[in-house]
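**Q** Respectively, the protein sequence lines represent chains H and L.
Going letter by letter, the first sequence gives residues 1 to 382 in our numbering.
Going letter by letter, the second sequence gives residues 1 to 477 in our numbering.
Hint data in this document are derived by calculation from the structure and do not stem from the laboratory.
Remember, predicted model here, so these are calculated numbers, not experimental data.
C-beta atoms are modelled at their ideal positions from N, C-alpha and C, and glycine is treated no differently.
Just so you know, not all the hints are guaranteed correct.
Stated by the list, open to error - Using 30 Å as the maximum straight-line C-alpha spacing, the simulated DSSO-like pairs for lysine-lysine come out as follows:
#	chain 1	residue 1	chain 2	residue 2
1	L	K239	L	K205
2	L	K218	H	K339
3	L	K420	H	K277
4	H	K6	L	K420
5	L	K420	H	K339
6	H	K247	L	K67
7	L	K67	L	K158
8	L	K14	H	K6
9	L	K218	L	K118
10	L	K158	H	K277
11	L	K388	H	K247
Unchecked claim - From chain L, some residues computed to sit far from chain H (all C-beta separations above 12 Å):
#	residue
12	S5
13	A38
14	D46
15	S57
What the hints assert, rightly or not - Now the in silico label distances, taken between C-beta atoms and shown as ranges:
#	chain 1	residue 1	chain 2	residue 2	range
16	H	K159	L	N190	28 to 36 Å
17	H	K159	L	N193	31 to 39 Å
18	L	A34	H	K93	38 to 46 Å
19	H	G261	L	R64	46 to 54 Å
20	H	N144	L	D44	43 to 51 Å
In case you want the letters, here they are:
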Amino acid sequence: MKTIVKSFHIKDLQDVGRIEGGAGSGRVRLIFASPGVATNGLFLSALKDLPPDVIVLGCSTAGEIAGAEVRDDSISMADMVFEQTRLKPVSVKINHAAESFKAGQELAAALSGPDLKGVLILSDGLNVNGSQLLEGLNALLDKNIVVTGGLAGDGAAFKSTWVLVDRTPSDGFVTALGFYGKNLIMHHGSQGGWDIFGPERLITRSENNVLFEIDDQPALDLYKKYLGTKASELPASGLLFPIKIWKPGEESNAVVRTILGVNEADHSMTFAGDIPKGYSAQLMRANFDRLIEGAAHAAMNLGAAEPGLSIAVSCVGRKLLLGERTEEEVQAALERMPKGSSQVGFYSYGEISPLVRGGKCHLHNQTMTITFISESGGRDAA
Amino acid sequence: MPHKSKVLQRQLLKLGLNANQAPPDPETWHQFLARVSACYNEADQDRYLLERSLEISSDEMRDRFSKINLLVDQLQLNQSVLQDMLRDVGFEVTMSDLATNIEKRVTGFRCAIFRKIKDGNELEIVAAPGFAQSARVAMTVVATLPEACPCGQAAYYKTPIVYNGDSSHPQHEQLVSMGFESCYAYPVLNASNEVVAVFSLFAEKSLILSQQQSELMKGLGEIVQMAFSHADIKRTLQKEQEGVAARSKMTTLGEMAGGVAHEINNPLFILQGYVDLISTSIEDKNLNAEELLETCQSMSTAIHRIAKIVRTLRNFSRDASEDPLEPTFIEILLADALELCSKRYEGVEIELVQPEGGINEQVLCRPVEIVQVLINLLNNSYDAVKNKSERWIRIEILPSSGRVEIRVTDSGQGIEEKAKGRLFHPFVTTKPAGQGTGLGLSISKKIVEAHSGRLFYNPDHSHTQFVVDLPVYKESA
Chain H
1 MKTIVKSFHI KDLQDVGRIE GGAGSGRVRL IFASPGVATN GLFLSALKDL PPDVIVLGCS
61 TAGEIAGAEV RDDSISMADM VFEQTRLKPV SVKINHAAES FKAGQELAAA LSGPDLKGVL
121 ILSDGLNVNG SQLLEGLNAL LDKNIVVTGG LAGDGAAFKS TWVLVDRTPS DGFVTALGFY
181 GKNLIMHHGS QGGWDIFGPE RLITRSENNV LFEIDDQPAL DLYKKYLGTK ASELPASGLL
241 FPIKIWKPGE ESNAVVRTIL GVNEADHSMT FAGDIPKGYS AQLMRANFDR LIEGAAHAAM
301 NLGAAEPGLS IAVSCVGRKL LLGERTEEEV QAALERMPKG SSQVGFYSYG EISPLVRGGK
361 CHLHNQTMTI TFISESGGRD AA
Chain L
1 MPHKSKVLQR QLLKLGLNAN QAPPDPETWH QFLARVSACY NEADQDRYLL ERSLEISSDE
61 MRDRFSKINL LVDQLQLNQS VLQDMLRDVG FEVTMSDLAT NIEKRVTGFR CAIFRKIKDG
121 NELEIVAAPG FAQSARVAMT VVATLPEACP CGQAAYYKTP IVYNGDSSHP QHEQLVSMGF
181 ESCYAYPVLN ASNEVVAVFS LFAEKSLILS QQQSELMKGL GEIVQMAFSH ADIKRTLQKE
241 QEGVAARSKM TTLGEMAGGV AHEINNPLFI LQGYVDLIST SIEDKNLNAE ELLETCQSMS
301 TAIHRIAKIV RTLRNFSRDA SEDPLEPTFI EILLADALEL CSKRYEGVEI ELVQPEGGIN
361 EQVLCRPVEI VQVLINLLNN SYDAVKNKSE RWIRIEILPS SGRVEIRVTD SGQGIEEKAK
421 GRLFHPFVTT KPAGQGTGLG LSISKKIVEA HSGRLFYNPD HSHTQFVVDL PVYKESA
């Protein structure tokens, strides 16, 4: 497999349509772009200029990653040229978050095949219930198939995200790329670095991924209390306090949820995944060093021995907290990969990855999640 | 420049700046300053949030701790009260005692306890010791409906119900007419979440329970349920014991059936013989008045004999546990027992040695029950020796210092060592499998003890000997 990673400012959108050397059985171009380019004519025509046999997968972001750099208002792009692995892109329309489970099942049905090895998902970031989407997928896919990916972002605005469907930025879609063949090698790693603090709480009123009350008090009021002056920056500032939730008695299976939106009228908060009533909860916060350490651990947990392409999907909440130090985490991750590896990725509204090796995929929040792809029996070059 | 921070190095690198040279132009310099300023601001904000989180979460933890302490205090107080109640009320609690005890703990209230009628939608009053008769009558049966009084509502909704003079309550008028302004009703649920009882507090004034009292009342639910369970267990146990006693009696009757049938058949045979004799005399026209009278007397004797056996049998089989105690001669008791079982011994040539006559001692007893004990001992001896080469049973009556012993000894070689300790336990038998229910001795022991006596096995006798020791009845002067 060959990989070529590029990063360029949105002023240079014409480069999106250019192809550089290397033949192979399949070429995939990953494009992670600043949300604003969706209406840029140059970007759209550049996509159409690409040869028809190039599979294009991409989404809007809350920050673009290329190598050890993080940028806004840019495009990070990576080409993977496979020699033996077969590829199949699929997409499903979602009109409402309630359709998420069904959408996951449709994706799984479209991708299923005897030698399906891995799946990379890029999903709408605001109109999808990520955990339901993955429940639907897991219901039909074999758990040995590695499923990773992320939810598209919209900077810190939380207004509208898009994914590329037939090379067109579209909202309300979930796209996925299936990798088939025994030569594909797909590793994954995911780590947070956030710490719980304060008392254990109880989710007392919620509906799917909308949280109304914690300990019989409005959840939004609790967040505002902790945010203080930064409450005016909700929902973005809500990212600073993700929430860890677990079924009582099963804390080892806890997941972290991050905020997507708030509703002042009913004091509710929308999260990227389900917040079941009756679950225990605790607020979390992080410090810089723990987040960067977390990213390094995510890379160390990959278990990759040969160079390849790292697709880093990191949560927008980490970028918000790390600020000027954001690049330290992507650098820490790249440094721990096999020498000669490349890295591309984006800051997302949710990350997709198994919790443990060989396990079902889950929606994560506030993590650095890495998918490391390579192909056995072929050359890899950055 | 030594000790440059990583962040600073990166910022310089991003802007293409060299730490050892001045920025090439003002714009780049301003960009650099903006990034440094952003770093400072982010650090400040992080610190602000950190300190704020610490302060607010500390307050929350302190608040929780106070609530936990208060809860612990309440629990300890309630536990102490409940323990006192259990100690006062004891295992054999009556509902009335329980209601009275509850009233002591919650002053100003009267307590009523209801039981849920099984397979029905009603509660029936079980105890209301502090209530006037008219109120008790009005509460005899309460429907378990949403529009019922608070007790019925508590059973229907399976949750505590509070009434405090609210005029919109469906039963407000009735409660006021009964003189109540407050009512707290608590359902008692079993392990299957079914209502088994409701206990309630009524007050003539509008009274509010304190939180501690409310918590206590919830804890009392368990004691009320325990009281109901114990009452049920006691009732079941009593029924079982009555059933066991009845079965034992029937078994004994079965054992004696052969002998009893023989006892009745003999005089019947004699009667038949006399009837034939009379018939022949009539046919032969050879009626002799004197002979006929003699024959009739003999027939009458035979009929009385049958009647006596039937009477004894009927006496034995009826429930005598309610019979009054009456002074009875021991000789008569023994005679009644032998009436029913001695004929069995002739069939297998068991020598029966009876006591010599002239024993005038009486015992105060329920005769039927003592006869049952003696029959049980005699039947046991019969079973023990019927197949032995040496076959005898000896009965002795030995008065001594205000008591009398009835000793039943047989030619057996005594009870095996390992069986001795459990002889009087129910369902223990030394008889071969299929024979004996093992109930006789345990029930016999209970009967004798109920008569202030003792039934015991004498281990020091060379043969098998059981002794019934009873107090002698002395007529008061």
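**Q** If a hint holds in the structure, say so; if it does not, say that too.
**A** Verification of the hints:
Our distance criterion of 30 Å between C-alpha atoms is broken by K239 (chain L) and K205 (chain L), whose separation comes to about 45 Å. For the given pair, K218 (chain L) sits about 68 Å from K339 (chain H) by alpha-carbon distance, which is inconsistent with the 30 Å threshold. At roughly 65 Å between alpha-carbon atoms, K420 (chain L) and K277 (chain H) are farther apart than 30 Å, so this suggested pair is violated. With a CA separation close to 98 Å, the supplied pair K6 (chain H) and K420 (chain L) exceeds the 30 Å bound.
As the CA atoms of K420 (chain L) and K339 (chain H) are separated by approximately 89 Å, the hinted pair breaks the 30 Å bound. For the hint linking K247 (chain H) to K67 (chain L), the alpha-carbon distance of about 24 Å falls within 30 Å, and the restraint holds. A hinted pair counts as satisfied when its Cα atoms are at most 30 Å apart, and K67 (chain L) with K158 (chain L) qualifies at roughly 27 Å. Taking the CA atoms of K14 (chain L) and K6 (chain H), the gap is about 17 Å. The hint holds against a cut of 30 Å.
Under the criterion of a C-alpha separation no larger than 30 Å, the hint pairing K218 (chain L) with K118 (chain L) is consistent with the structure, at around 23 Å. Using a Cα cut-off of 30 Å, the hinted pair K158 (chain L) and K277 (chain H) holds, with the two alpha carbons roughly 23 Å apart. As the CA atoms of K388 (chain L) and K247 (chain H) are separated by approximately 75 Å, the hinted pair breaks the 30 Å bound. In this structure S5 (chain L) is not separated from chain H by more than 12 Å, as the shortest Cβ-Cβ distance comes to only about 10 Å.
The claim that A38 (chain L) is not at the interface with chain H is violated, since a C-beta of that chain comes within 12 Å of its own (minimum 5 Å). For D46 (chain L), the shortest C-beta to C-beta distance to chain H comes to about 7 Å, within the 12 Å cut-off, and the non-interface label is violated. Separation of S57 (chain L) from chain H is inadequate, the least Cβ-Cβ distance of about 4 Å not exceeding the 12 Å criterion. For K159 (chain H) and N190 (chain L), the hinted distance range of 28 to 36 Å is not satisfied, since their beta carbons lie about 56 Å from each other.
For the hinted restraint 31 to 39 Å between K159 (chain H) and N193 (chain L), the CB-CB distance of approximately 49 Å leaves it violated. A beta carbon spacing of about 42 Å between A34 (chain L) and K93 (chain H) agrees with the range 38 to 46 Å that was offered as a hint. Checked against the hint of 46 to 54 Å, the pair G261 (chain H) and R64 (chain L) fails, with Cβ atoms roughly 30 Å apart. Under the hint 43 to 51 Å, the C-beta atoms of N144 (chain H) and D44 (chain L), about 49 Å apart, fit the expected range.
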